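Protein chains in written order, with this note's numbering: chain A, 942 to 1256; chain B, 942 to 1256; chain C, 942 to 1256.
Please keep in mind that the hints were generated in silico from the structure rather than gathered at the bench.
The structure displayed is predicted, hence computed values, not measured ones.
Be aware that a few hints might be false.
Given that identical chains are not distinguished, each listed pair holds provided it fits within a single copy or across any two copies.
Unchecked claim - The calculated DSSO-like cross-link candidates involving lysine-lysine, where the alpha carbons are at most 30 Å apart (straight line), are: (1) Lys-978 with Lys-1152; (2) Lys-1143 with Lys-1122; (3) Lys-1065 with Lys-1091; (4) Lys-1065 with Lys-978; (5) Lys-1090 with Lys-1028; (6) Lys-1062 with Lys-1197; (7) Lys-1194 with Lys-947; (8) Lys-1197 with Lys-1065; (9) Lys-973 with Lys-1176; (10) Lys-1200 with Lys-1137; (11) Lys-1201 with Lys-1065; (12) Lys-1193 with Lys-954.
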Amino acid sequence: MNHVLKAQQFTPKLMSLIFNRAAELEVIMHDKQRHEKLGDLLSSEMLFTIFYEPSTRTRMSFAAAGQHLGMQVIGTENAREFSSAIKGETLEDSIRVLCQYQPSAIVLRHHENHAAERAAKVSKVPIINAGDGAGQHPTQALLDMYTIKKELGRTEDLNVIIGGDLLHGRTARSLSYLLAKYSGNTITYVSPKELKIGNDIKAHLTKRGVKFIETEDLESVLPDADVVYWTRIQKERFEGEAVIENSYHISKKHLKLMKKKSIIMHPLPRVDEISTEVDDDPRAVYIEQAGNGMYVRMALIEWVLGYLCTTSSDQ
Amino acid sequence: MNHVLKAQQFTPKLMSLIFNRAAELEVIMHDKQRHEKLGDLLSSEMLFTIFYEPSTRTRMSFAAAGQHLGMQVIGTENAREFSSAIKGETLEDSIRVLCQYQPSAIVLRHHENHAAERAAKVSKVPIINAGDGAGQHPTQALLDMYTIKKELGRTEDLNVIIGGDLLHGRTARSLSYLLAKYSGNTITYVSPKELKIGNDIKAHLTKRGVKFIETEDLESVLPDADVVYWTRIQKERFEGEAVIENSYHISKKHLKLMKKKSIIMHPLPRVDEISTEVDDDPRAVYIEQAGNGMYVRMALIEWVLGYLCTTSSDQ
Amino acid sequence: MNHVLKAQQFTPKLMSLIFNRAAELEVIMHDKQRHEKLGDLLSSEMLFTIFYEPSTRTRMSFAAAGQHLGMQVIGTENAREFSSAIKGETLEDSIRVLCQYQPSAIVLRHHENHAAERAAKVSKVPIINAGDGAGQHPTQALLDMYTIKKELGRTEDLNVIIGGDLLHGRTARSLSYLLAKYSGNTITYVSPKELKIGNDIKAHLTKRGVKFIETEDLESVLPDADVVYWTRIQKERFEGEAVIENSYHISKKHLKLMKKKSIIMHPLPRVDEISTEVDDDPRAVYIEQAGNGMYVRMALIEWVLGYLCTTSSDQ
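Whole structure, please, built from the sequences with the hints as guidance.
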């Protein structure tokens, strides 16, 4: 049985399978006739979306993914109100009971680290981790990688800037892990000194032979970047407000420094760390990036249900 | 692309199209065989119901409308917990991302005025305004007008009493706007002096040549009324509790003063401003009025999706 | 029109009908081809799940039941936010309006006693009580009885231990009522003196000729039990913490005292009143018990919709 638990479980080969199917699904979804037939295969499958903390965007993305595939989708928006959890029930008991209702798979969002792994240990059906605590959010990591592949045509030999709050940012860490699975990538970390990427990541990159540098000067490294992956610095986590506004805010002037064939990504939500004047530039792909998540999740659902091998033409 | 943004956008001709289809849908829904076939056409369409504030009745009405039409419906009950909104994301970004998940239309309820218009500016799919702030709630206005048409057979030459809190009531204002689109209607506003209808409405009626009067004496005007549209006076907004109980409470004695062919409407929820002893009178149509909303919303969904012209037999 | 309002309405004959169909549905659900066809019959039926207080497990169980039967399911997770209820609308008005949206049945969870009966009085469609206040939770009672039937093959001539907080526990009471409908059953109540079963139940058992005893000593009665139905003692309701830990906690040592063909049940959620080391014993059926609830609810939905007679082969 396949589960989706953490970004690290995905090999380049498996990512290739998922990404090819995601691309295929995107084509199908834009073809009215093929879209209508898409749902037939999974029409008796049921997806549970169990969210112990609210995450409207992720939940809607999974629910839409399931329904576009023809599945029935039911769930809970905020299971901190999961009455049995309030009464002291363990996550394990809750998952065991939910499995009794015969879902085909369970999408789980939880506030505790390693919750998805704990769930997978007792579950009779595949668990898809939709974020657990400060830990893993593997479908976000995969959609980031898929966006790079889709926009630039490759996942190797890339100059990738990852900037913002790299100390607390889950996405910066998992993207680093995935980039290290391919050859020839160079990562440039741009952050205030206080919010630098963790030493464990740097050790991992060194071990894998991935080149990386750290800097506070975005403008000097922009001209070489293929990808600018930008994240938010929460003001409550960093005192230097003026620094944020001057050095961690992407606006039109930065676009001029960038290569023609390059992209600006962001895990969203975006507040003011990327100016809205950037939105219309073809290199700004953060909205499409969020949309890519749905296609990646559709492919992952097919994969955990064992449908991917037989329905994909890419194997 | 059609959006449903405000009551004023609906011409008598367009209302006629919507109302005829709503009536037709009501017939279809009560015919088991036709009901079963109803869902085939829209079965690959998906409706998002995005509620930034809870409104269970309106959400259920839209969700049921979508599902009776065969659509898949997913949404959020209370997106004030929309995690990205809490983190400072703009409504525009949220709508852009939701569109990436390939819905066919988005039903939006929001706590800010003009939210639906802002959403429509960036949306790739039709926006249906399910109420934005103190501003617009166009589907409520249309279902009010549809109820009058259905019950009395006409939208012209009507004597309409609109009573209660006319200063704060959104429905009193929008019904006035819609009545002014037809000829021969007379409006009688019944309210405490402190809660009179706004001067902008009165100016609009004068400009359109619509006769209206204002009074505090319900009983004197009841005998001529075709429609009594009653609304709640919130006690916290008006000190004169005794006045409310004596003059703004409809009971059996008022029924005796009314014409045989007339109707009592109320946007609901009703607390005690209409006595439950009135409920069994055939002129009390407020429960059916709420139900009419679902048929109107079904017709509106078909309209924004471009299906109304081809599926309606009434053109 | 059939409603599901309270456990007492179910005769042995009706329970037999429901339980046979539940067992049949469980078989169908585990047969991929029959499962796929299951949904065809009810595909134009719609189920509303209206929860005035959160109960994630019960709601998910009903929603999954409805969707496995092919129904469309929409609802509200926590209708205390039911905006019209907050504004003072009666339950009766809310139900009347919901019926206007043309559901096939309404599953209602409410915080007030007798809410389901009040709803049934005004509803145009069947009401299924999913728990009202401290009063009734009939589908829980039925799934308990169904579990006994399924696991032990009979509902008569049983030695049943019911233990824990019998004063406040709704399930202990309703299971007692149902056991009294069959002949030859003996009930052993195990509880602290302060939390004994109500005198009304004892009077009812005496009237029906059902033997029962009361004790505080679980171990002495375990060897004769066919069923151990264990419930939680909430610490805030009982001061004797040491007593709870010593006498109201089931662990491996109790298993040794029990008959080979016997079962341990629990309405869940379980906190620490049954040790997790018990879970792997084949006599521990509390997780399956929760799952049985879904099949019972599927059968009840078919019954209230009038489909059970014609689709069940067991009559």
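Hints violated by the structure (listed by number, smallest first): Of the numbered hints, 1, 7, 9 and 12 do not hold.
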